[in-house]
Amino acid sequence: MTPEQTKAFEEKVYTFVGKPIYTGPRRGYDDVNSAMIRQWCEVMGEKNPAYVDQDWAEKSTRGHLIAPPAMMYAWTQEGYKVASEGRPTDGQVEMVKFFDSYGFSGSLGTNVDQEYFAEAKVGDAIFEESVIESISEQKTTARGIGYFFETYAKFTNQDGVLLGTQRFRVFKFIPPQQEEVTPASSDTLEIPTRVAAPRGQDNKWWWDACDEGKILIQRCASCGALRHPPRPMCGVCQSTEWDTIESTLDGELFSFVEMHHPKFPGYQYPLLVGVISLAEGTRIIANIVGCDVKDVEIGMKLKGKVERVDEKTILPQFYPVNN
Amino acid sequence: MNTLNYADINIGDKIPNLDIPITASLISCAALATRDFEPCHHDKAVAQGMGLPDVFMNILTSQALMARFVTDWSGPEAVMKALKVKLGAPNVPGMTMTVSGEIVEKDDAEKSIKINVTGENNIWGMHMSGSVQIALP
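Just so you know, the protein sequences line up as chains A and B, in that order. Just so we're aligned, residue 3 is where the first sequence starts under our numbering, counting upward by one. Just so we're aligned, residue 947 is where the second sequence starts under our numbering, counting upward by one.
Please note that the accuracy of each hint is not assured.
To be verified - Simulated coverage check for chain B against chain A, where a stretch passes if three residues somewhere in it have a Cβ under 8 Å from a Cβ of chain A:
#	segment
1	1009-1016
2	1051-1059
What the hints assert, rightly or not - Simulated restraints on C-beta separations:
#	chain 1	residue 1	chain 2	residue 2	range
3	B	A1035	A	D57	39 to 45 Å
4	A	L164	B	M947	24 to 30 Å
5	A	E44	B	E1048	26 to 32 Å
6	B	E1051	A	T246	19 to 25 Å
7	A	S109	B	A970	35 to 41 Å
Since the hints were derived computationally from the structure, they do not count as laboratory data. By construction, the Cβ of each residue, glycine as well, lies at the ideal position given by its N, Cα and C atoms.
With the hints as extra help, turn the sequences into a complete structure.
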């Protein structure tokens, strides 16, 4: 979008702020009823007797059944029309269409905050009044360029009692070009694997040996100094001639961290990453496994095993040596 | 069915984890139970057109599961005060979501507690994170 187009877009889009989504309070098609509550509870695995057990409810502090508070927004949903003929026009749909017309056709619900002030009872009518509360300035996120908008809804019953409020935050963004979206067709979920180490001409030999279950250490052919990770020149004598020795994977823990955040798909947590001093004299970075983090100490003796950690990855992992 | 007492809860207490297998039945039936008829939650072809491998869980179901996780633990006399959900990676069939929670605040005046809750699936990681506030007897 050119700066002129952005200006024209923003001049119009911000006029949606403050607009109501429905003309007047919108009443849910069905008042709060035990059939819809029971169905919701069945699917959610919800066993709370406050929602479904009449006898229990009569003897409880409340004295009657209530609707699950998390159902609040379900009562005023549009229904099957959304699938069969598309969502009917309202203030939000109008704004969304305007976003779409400028290419901001991606939609991602990011946050929903609900507060509850009174519990809905069977027989209550639910009314929703919603407004487009805010639209952010233009933001660039991992998803792309776009705008966050927030709607604010108030839910009341037939007596005007405020049951709860809701803020719903959506990111409207320019999605990747259609041809870049690969329609998924696989019926099986691809299990993520670890990030693969890049293999270049200076280190491919090391990873190839690892794939075969061997951890090699580079040795200078001129002065005999060992070095790791792999690199083309000896740091001691600057020779580029080298051969390798195989590590016995006996070692001791030099340092370690526990990775907490962010969690990466494909890795098992808790995730302990150690720097291990090998008996040969070089150090290697690898996962510490087979023990609890509270039992890990700098200086502890470790023994490495080269193991398959996922479908695509073979790595050395180090286990405590129990004396 | 008992309900926990406010006095017995301590900041730092953890709620036992709950593993929820994510199936196409759960996703589509729960979307309909929340009256969310967006096709991406029940029509696999539509979801695949969006680049996902299968139908994915709707937000109202994530809210429901977060609420259920807390009241399963607290008992039925707990009164729900707030439910705040931040959404992450989609839940699709074949995953397992592990829900965990920890008590982070106590309000003596309201006898309410705030619980931070996260739901992580075993394939793509964080599906939902947020907090639930309940009042206890």
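Okay, the hints, checked on the actual structure:
1. 1009-1016: holds (count 6)
2. 1051-1059: violated (count 0)
3. B:A1035 x A:D57: 39 to 45 Å: 41 Å, holds
4. A:L164 x B:M947: 24 to 30 Å: About 29 Å separates the Cβ atoms of L164 of chain A and M947 of chain B, which means 24 to 30 Å holds.
5. A:E44 x B:E1048: 26 to 32 Å: 29 Å, holds
6. B:E1051 x A:T246: 19 to 25 Å: Taking Cβ atoms as reference, E1051 of chain B and T246 of chain A lie about 57 Å apart, which means the hint is violated.
7. A:S109 x B:A970: 35 to 41 Å: At roughly 22 Å between Cβ atoms, A970 of chain B and S109 of chain A fall outside 35 to 41 Å, so the hint is violated.
This entry does not satisfy hints 2, 6 and 7, going by the numbered hints stated previously.
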